[in-house]
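Enquirer: Work out the full structure, taking the sequences as your base and the hints as a guide.
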Amino acid sequence: MIAEIGLAALWLAAGLCALQFIAGVLGVREAGADGAVHPVSALARPAAVVQGLLLLVAFACLLRVFAVTDLSVSLVADNSHVDKPFIYRLAAAWGNHEGSMLLWVTILGLAGGLVALFERRMDDRFMKAVLAAQAFIALGFLAFLLFSSNPFARLNPPADFGAGLNPLLQDIGLAFHPPTLYLGYVGLSVAFSFVVAGLVTRQAGPELARVMRPWVLAAWVALTLGIAAGSYWAYYELGWGGWWFWDPVENASLMPWLAATALLHSVSVLAARDALRTWTIMLGVVAFSMSMVGTFLVRSGILTSVHAFAVDPERGAFILGLLAIYVGGGFGLFALRAGALAEGKRFALVSREGALVFNNVMLSGILAVVLLGTLYPLAAEALGTRVSIGPPYYNPVSAIFAVPMLLVLLVGPLLRWKRDSLSRIAVPLAIVGALLAASVTVLLLFTDAGVLPILGLAIAVALALASWLPLRGRKLKRVPLALWGSMLAHFGVAVSLAGMASETAFSIERLVAVEAGESVAVGPYQVTLQEVDPVAGPNWTALEGRLAITGGGVDTVLRPQARYFTDPPQSTSESALLTRWDGQFYAILGDAAGEGRWQLRLWWKPFVTLIWYGALLIALGGLLSIFGHLRASARSRRIREEVARRRAEKALL
Amino acid sequence: MKKLWLIIPLMLFALFLGVAAYQLTQPRDTLVRSTMIGKPLPAFDLPGATDDAPRVASGLFADGQPRLLNVWATWCVPCIAEAPQLEELAKRGVPIVGIAIRDEPEAIAQFLEQYGDPYAAIARDDIAEVQLALGSSGVPETFVIDGKGIIRHQHIGDIRESDVDEIYAKWEAAK
Chain D
1 MIAEIGLAAL
11 WLAAGLCALQ
21 FIAGVLGVRE
31 AGADGAVHPV
41 SALARPAAVV
51 QGLLLLVAFA
61 CLLRVFAVTD
71 LSVSLVADNS
81 HVDKPFIYRL
91 AAAWGNHEGS
101 MLLWVTILGL
111 AGGLVALFER
121 RMDDRFMKAV
131 LAAQAFIALG
141 FLAFLLFSSN
151 PFARLNPPAD
161 FGAGLNPLLQ
171 DIGLAFHPPT
181 LYLGYVGLSV
191 AFSFVVAGLV
201 TRQAGPELAR
211 VMRPWVLAAW
221 VALTLGIAAG
231 SYWAYYELGW
241 GGWWFWDPVE
251 NASLMPWLAA
261 TALLHSVSVL
271 AARDALRTWT
281 IMLGVVAFSM
291 SMVGTFLVRS
301 GILTSVHAFA
311 VDPERGAFIL
321 GLLAIYVGGG
331 FGLFALRAGA
341 LAEGKRFALV
351 SREGALVFNN
361 VMLSGILAVV
371 LLGTLYPLAA
381 EALGTRVSIG
391 PPYYNPVSAI
401 FAVPMLLVLL
411 VGPLLRWKRD
421 SLSRIAVPLA
431 IVGALLAASV
441 TVLLLFTDAG
451 VLPILGLAIA
461 VALALASWLP
471 LRGRKLKRVP
481 LALWGSMLAH
491 FGVAVSLAGM
501 ASETAFSIER
511 LVAVEAGESV
521 AVGPYQVTLQ
531 EVDPVAGPNW
541 TALEGRLAIT
551 GGGVDTVLRP
561 QARYFTDPPQ
571 STSESALLTR
581 WDGQFYAILG
591 DAAGEGRWQL
601 RLWWKPFVTL
611 IWYGALLIAL
621 GGLLSIFGHL
631 RASARSRRIR
641 EEVARRRAEK
651 ALL
Chain Y
1 MKKLWLIIPL
11 MLFALFLGVA
21 AYQLTQPRDT
31 LVRSTMIGKP
41 LPAFDLPGAT
51 DDAPRVASGL
61 FADGQPRLLN
71 VWATWCVPCI
81 AEAPQLEELA
91 KRGVPIVGIA
101 IRDEPEAIAQ
111 FLEQYGDPYA
121 AIARDDIAEV
131 QLALGSSGVP
141 ETFVIDGKGI
151 IRHQHIGDIR
161 ESDVDEIYAK
171 WEAAK
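These protein sequences, in sequence, are chains D and Y.
Under UniProt numbering, the first residue of the first sequence carries the number 1, and numbering increases by one thereafter.
Under UniProt numbering, the first residue of the second sequence carries the number 1, and numbering increases by one thereafter.
Be a bit skeptical, because a hint or two may be false.
What the hints assert, rightly or not - Listed next, the stretches of chain D that the computed footprint assigns to chain Y, with coverage defined by at least 3 CB atoms under 8 Å from CB atoms of chain Y:
1) 133–145
2) 334–340
3) 369–381
Don't read these hints as lab results, they were simulated from the structure.
Using N, Cα and C, we set each Cβ at its ideal position, and we do this for glycine too.
Expert: In structure tokens form, the structure reads like this:
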């Protein structure tokens, strides 16, 4: 019964979505002709709201069938198991293709509802265009769900146990990784709808930037958190000791983030200075395309990846079709209309705009590097050769763009809008430059790290200070919330960068085969293998190593496991981590090496945790900015209304 | 001129679309070739198929006699389909060592009774560790091992009637 309610809600939502689209299109067309609005167009906003609620009902139904493990629903039988812990039974609802698509559509619907309910800053015709674009996107994904990925399909007869969730995905971090990324993708789709509406109604000024900004920022915050969570998951769950592998699936989430980062900076320029109009519009389309391309690459299995969990060429074709319609349509509209947009305001090379344009160009460069690296194997395979592209390409080539960008970031936020001179900021420039030079010198003298890690660490040190320099000459109490946000995010970049560089430069790795009682030295620690014992969990059995760690003020026991899952059969390495303020100790229990010896992989990774703490700071900065901008916009609207009221009163007198 | 660059994103996207659509319609090469071909058999020492059968170790293979190593399981349907072909190879004098993946002694006994027993010896790999070490990605797969214990050939999937001669020739060549 629950499954049928869910399916009915989906169909109703699809119907309302069609209505919203028609109402939106009528709203745009009629108002353009003679100023009279078609009566149906008034239904666009309510349709969006009710559609969001219906999708929420559908998703709640899916959670319900998973919570009670209703094995007559084919999706539950394929992806869950009666013995699974409750939280993973819920997580299994979106740990599969159909469920995650429903989650995507639900978030999309809720976002559409929010836009319809609260966005009142733009004129009616513009909003109709936004809602029509939003409905057009949702319609495609609803059709995808209903025709090729029905999550509520019944199984007759019901299954006895259920097949279980891929044990690698049975992890609390991963349970929340996809929803966060989807929030990001959906936020970018809203920004895309705004951009499309801007092109259709020929409005691409600061107002457009201001209504887009919270959505771009929210999407960016969610993507930042999603990527950080995914990276930490790969780090401790896959047991390979690394935190980024340039895997196609990782790149699929990184590319929208890069585009969103560029977009949020260019949106700021458009909002504050009415410059970069065409560029911002294009980035809006690019950012959404990247999220669609990412979804396509992951879902179609067209690129062989270590973690392609939902591979199906037929669905790949469906997503490619949607991709062609939306992204092709977006770029087509851009090609037709962008030429007609009025040119934005001009600015000098040395100015805040200049620095932000540099940031945008460099970010686009990195995006191109990652996109090329991800798609090149695809193109090469079409020509008959197989290649694999890894860190030796990505690291140095993206650094060509990343290093200059970070150097400009040291001074960019200090510059004034429109026109500035470097001599005005000579003092902070000298301080930051000296700090940078001193860090490079110290690192060169006292470490034998490589060029990139040294540059990374030195820039991190300089940026950690430079990110707070915009406070210079300001009264602390009068600093806008959005500026706090941007400073915090830039400081987060420094923290994250320090973690990455330090992990690369100073990690110590040991691969040993030891018998019980033997010990090895890893960095500041002495590691002794005490025992290897079998242990059992709810749906797995494991060999558990007991490692005594001493030295460096530590005396503790780590228990890495080699786990064997039965439903479905698979083995995983559960790393054991010891987190200290100055880094992490990482242990993996490998295979038996014969004669009572066990393979151990041990790492000491100084300051590796800064990578994820930095990401959290970046996300927090983004959140502060959202609240800051929303509050400022609400205040200016209140002031405008107040002025209008007083004027009206005066006129009456 | 200014209009021209506005089309560039569309063109690039069209290019991507073309390549992606082409690749999507291409048949996927789902076979994963083992990188172990030409290398020595990984060392193993596994229990026999039934509890009273002797253990099977990799040392067995280095006695000058080439053998087939058949990775199979009683729960695998194509393995039933290839049973007559293995029988045929055994009849021609090819010694076949089986590795049963994630299996039960009773199930193995029943399978052999029902579909015939072409094996010189059968090992039980309860956690698929030897299978993974061999670079085998599924069942059934059959490897030709020469007399020095070097992996010479990998056959992925069930052995069809049309494959028997080829596998026999590979075994002959490994002598």
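Enquirer: Now, for every hint given, state plainly whether the structure supports it.
Expert: Hint-by-hint comparison with the structure:
1. 133–145: Per the Cβ count (0), the hint is violated.
2. 334–340: holds (count 4)
3. 369–381: Holds, because 4 residues of the stretch 369–381 of chain D bring their Cβ atoms closer than 8 Å to Cβ atoms of chain Y.
Hint 1 from the earlier list is the only one contradicted by this structure; the remaining hints agree with it.
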